[in-house]
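Student: So the sequence lines, in the order shown, correspond to chains B and E. In this text, residue positions in the first sequence follow numbering that gives the first Met the number 0: the first is 0, and each later residue adds one. In this text, residue positions in the second sequence follow numbering that gives the first Met the number 0: the first is 0, and each later residue adds one.
Don't read these hints as lab results, they were simulated from the structure. Check before you lean on any hint, since a few could be wrong.
Stated by the list, open to error - Pairs of lysine-lysine residues, derived as DSS-like cross-links and limited to a Cα-Cα distance of at most 27 angstroms, are as follows:
#1 B:LYS700 with E:LYS105
#2 E:LYS2 with E:LYS22
#3 E:LYS84 with B:LYS521
#4 E:LYS105 with B:LYS594
#5 E:LYS105 with B:LYS596
#6 B:LYS521 with E:LYS14
#7 B:LYS596 with E:LYS84
Claimed, not checked - Going by beta-carbon spacing under 7 angstroms, a handful of chain E positions derived as facing chain B:
#8 GLY15
#9 ARG18
#10 LEU66
#11 GLU111
#12 GLY114
#13 THR132
#14 HIS142
For each residue, glycine too, the CB sits at the ideal point set by N, CA and C.
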Amino acid sequence: MLTAQCPRCNQPFSVDATATHALCLNSSCQAIVHFAFFENRQSAAAFERERQPWYSTSLEQLADHTRWMVSYFREPILCYVPPPLADLVSQEILQSIQAGFADYLGGPFTLFEVSDVGEHRRIEPLARKGNAKDTHSTRESKFRNFTRFCTVLRTHEVDGQLLGDMECHRTDCRVIDEIVSLGQSEASSHICWCGFVELTAPIVVNNRTLGVIFTGQKRHKDRMKQDTMNDRIKKAAARLGIDEKRMLNLAYAEDVEEVDDHDISVLKEELGRIASQIQAYAISAYQSQREIKEREFLDSIEDVFTEAISMITPNPLSIKPLLDLILRGIQLFTSFPLAGLFLTIEGQTESQQYIAGNLWSRSGDIEPITVDAAVFRLAELKRAGPVVGISASEWPLSIGRQLGNAVPGFRGEGALATCLVPIISSSCEGVLILASPSCQQISSSDLRYISSELGRRFLRDLGHTVGEHIGVCLDIARIKHDQVKFRHLMISLGHEINTPIQSMLADAANIADELPVNSELKEIAEHNLEEVNRLHLLSENIISVLSETKKPEAPLSSHSVFRPLREACEMFEGEAAAKGCNIIGPRSIGSPFPKMKMHLFDLTLAFKNLIHNAVKYSFYPPRGMEGERFIKVIGRWQRGKENQEYVVEITNYGVGIKPEEMEKIFEPFYRGEWATDRNRTGSGLGLALAKHVIVDMHGGKIQVQSLPMPGTAYLNVFTVILPISQQEPEQEVTNA
Amino acid sequence: MPKILWIEDDYYHVKGLFRRLEKEGYTILYATSANEAYYKVQDWQTYDVIVVDVILPLRDQRDNELLPEVENWKQEEYAGIGLLKYMYRELRIEVPVIALSVVANKLAGTLEALGVDEVLLKRGILPRQVQETVHEVLERRHHDTRE
Chain B
0 MLTAQCPRCN
10 QPFSVDATAT
20 HALCLNSSCQ
30 AIVHFAFFEN
40 RQSAAAFERE
50 RQPWYSTSLE
60 QLADHTRWMV
70 SYFREPILCY
80 VPPPLADLVS
90 QEILQSIQAG
100 FADYLGGPFT
110 LFEVSDVGEH
120 RRIEPLARKG
130 NAKDTHSTRE
140 SKFRNFTRFC
150 TVLRTHEVDG
160 QLLGDMECHR
170 TDCRVIDEIV
180 SLGQSEASSH
190 ICWCGFVELT
200 APIVVNNRTL
210 GVIFTGQKRH
220 KDRMKQDTMN
230 DRIKKAAARL
240 GIDEKRMLNL
250 AYAEDVEEVD
260 DHDISVLKEE
270 LGRIASQIQA
280 YAISAYQSQR
290 EIKEREFLDS
300 IEDVFTEAIS
310 MITPNPLSIK
320 PLLDLILRGI
330 QLFTSFPLAG
340 LFLTIEGQTE
350 SQQYIAGNLW
360 SRSGDIEPIT
370 VDAAVFRLAE
380 LKRAGPVVGI
390 SASEWPLSIG
400 RQLGNAVPGF
410 RGEGALATCL
420 VPIISSSCEG
430 VLILASPSCQ
440 QISSSDLRYI
450 SSELGRRFLR
460 DLGHTVGEHI
470 GVCLDIARIK
480 HDQVKFRHLM
490 ISLGHEINTP
500 IQSMLADAAN
510 IADELPVNSE
520 LKEIAEHNLE
530 EVNRLHLLSE
540 NIISVLSETK
550 KPEAPLSSHS
560 VFRPLREACE
570 MFEGEAAAKG
580 CNIIGPRSIG
590 SPFPKMKMHL
600 FDLTLAFKNL
610 IHNAVKYSFY
620 PPRGMEGERF
630 IKVIGRWQRG
640 KENQEYVVEI
650 TNYGVGIKPE
660 EMEKIFEPFY
670 RGEWATDRNR
680 TGSGLGLALA
690 KHVIVDMHGG
700 KIQVQSLPMP
710 GTAYLNVFTV
720 ILPISQQEPE
730 QEVTNA
Chain E
0 MPKILWIEDD
10 YYHVKGLFRR
20 LEKEGYTILY
30 ATSANEAYYK
40 VQDWQTYDVI
50 VVDVILPLRD
60 QRDNELLPEV
70 ENWKQEEYAG
80 IGLLKYMYRE
90 LRIEVPVIAL
100 SVVANKLAGT
110 LEALGVDEVL
120 LKRGILPRQV
130 QETVHEVLER
140 RHHDTRE
């Protein structure tokens, strides 16, 4: 374990000694940090001296850096695999890179990792390297770093034809021998190697040699006889079709005076070109892999979102789908089972806290907790397994600081948790915390949980998305909250208005009553009374509609059906008389009005609306028909008493109702097409309310008929059917 | 002529409702707060009808201290309910009572269970309806006592 520092933000973190790349854990930095290891102390020192900004923030930048590294050190980076490497790389990505190389080379090949540690030397196909620990333990420190750069790429035969060779390794004769013996005989004959050359990378594609990359080192040269060396170089040159002298020059690149600068620069150029080409393939393979994965992910996530949103929309106070979503998302990109899930709601405004509290507490499994409690739980849970936290709290920093104060071993923000994903939206800020089982110290193995930059990006995006959704939820909740408040306000306003209306109504009725029949003001007073009546009805309707979820508050009480009907008729008889269409009734035919269990005042309001409608939409009767055109309010038993249905018919002659409107007129705010002419005012609430009272509150039915009559008038019949149980004793009512 | 006690804090605004009765010769007496109602219902025998608005302010306009006897009316949702309970259960009044209130629809069941003779909703009610109701309860009582 090494302690490293992000070159970009100076954030310290721990990293496995064998790691070559890591992601900076600082959530605001997120640089891809490169770790270069050099066997050659000199070059390491040189690197230190001429240190470049050694991090990338994108794959493109990473490619540039790698190219620069190649030209600077002339080290083989041809086997370069974009991050994360080896331990960090997922099998899928590895395969995709291999496929990328294969495309470039015209056929498939295998990646080998070579380690050469004296007696313990081994060559394993990288793909089969299941147990990393085991391999690591057999290595000597010198080669631990070395192996990262010594990946051997070898071709295999496809359809009996050798497609190409490619090597890139620090040469040791024994290693090469083994590679050769491991590979196919044809392949070995195409491997070009020189024993004394420290680094060699012959690149052969389709039997055509593209070039050889190598660097020399004195001690190898000293170890071997010059002749043998030269022989091998010559042999290789012959095999590669390169001029012998040039080959020799190249072979002694660093040590031999005769090698001219031109040769080296040509070699460098070639190396750089090939390296960048392969890299481009690797990167594009990696990216296409990522795109596929992203596409798949987006497809699946879209389903989840659709589902989640559909669940949320009718009930904004449910956050559960979002939590499920987060868990599913995390499972997509990480591999750990969750030990716990918590969320914090601190640092909000009071109203947000209230709403968030509601939100969380309704999600079922999860209770809202404070940051302090979260810290405590994190400390508890870290023994059991990873923790995911969602916070509707302040910026991660504050949580990080609090976590830092509370938990030993915490260094700087985010060090306790593997990942802090900010959740940001217009109305909500928070952090998603992923913590590892051993979250006292971050290790490179923790990074495995977030398997790639893609995973990291996913989590970040998820954070945003979740944040947005939480924000939306909060907004919806707030709007609902406001609506409820507004409705209560309107209802209480409605009640406030009632007293002056009642006052005006009583006075208007008294004035209209007491004025002498033929006085000039009588008509005005009566009209005034009509208007106050209408005002009263309107205010009642508005209150009823606003308290839409109205449950029958009062228990049913037993009254004669006559009572609400009489009250309604009395209220509008003046207005009806003024229109020349007197109200006849209420009358019950065949038997007195029965008693029934009712919500008296609601039923009265319903009848008031129906009768007022009848009055409002009546025509003045044509001459000669004054005696025929009444508004009739008639009650009777439907098909006998035993049928238990009492029918009240309210009949008028006037504005018709179109057949296609028969249902619609009972919808709130709908006004009949013909009803809107003739300056008839209305709110479109009355019939909706009447239906609600009769159908929902009393289990009755309401029907309407509209028959064209001679002239322009229609005969409209509103039929109210009330269910009346026979146990109710009939009341002797004198029909006035 | 009959005497009516009308317990109603807002009587000034809605007194038109009793105009027809006044013109008939009825005497209307008012009580506008819990304290006042408490005092006036003590001589319930002197009234022929008591009309109660269940929404009754505990404090009167002079902001006098609440009577200790009225103190526990506060436990009810509406002080008028406390008053009615006091009237029926402690004073054991025998005059007819009409509840006239804007919340009568909500409380109809409770009021009937207490023994109130008639429940009227003080929303859109006409003076004639008040007059008829008073006549009805008086007649009914008269009828009952005659029997």
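Student: Work down the list of hints and note, for each, if the structure agrees.
Tutor: Outcome of the hint check:
1. B:LYS700 with E:LYS105: The given pair, whose Cα atoms are some 24 angstroms apart, holds under the 27 angstroms limit.
2. E:LYS2 with E:LYS22: Holds, at about 13 angstroms.
3. E:LYS84 with B:LYS521: Status violated; Cα separation ~44 angstroms.
4. E:LYS105 with B:LYS594: Since the Cα atoms of LYS105 (chain E) and LYS594 (chain B) sit roughly 20 angstroms apart, the hinted pair holds (cutoff 27 angstroms).
5. E:LYS105 with B:LYS596: Given that 27 angstroms is the threshold and the Cα spacing comes to 15 angstroms, the pair holds.
6. B:LYS521 with E:LYS14: OK: LYS521 (chain B) and LYS14 (chain E) at ~21 angstroms, within 27 angstroms.
7. B:LYS596 with E:LYS84: The given pair, whose Cα atoms are some 25 angstroms apart, holds under the 27 angstroms limit.
8. GLY15: Status holds, d = 3 angstroms.
9. ARG18: Since chain B brings a Cβ to about 5 angstroms from ARG18 (chain E), closer than 7 angstroms, the hint holds.
10. LEU66: 27 angstroms, violated
11. GLU111: 6 angstroms, holds
12. GLY114: Not OK, violated: GLY114 (chain E) not within 7 angstroms of chain B, min 14 angstroms.
13. THR132: 11 angstroms, violated
14. HIS142: Constraint on HIS142 (chain E) not satisfied, violated at 14 angstroms.
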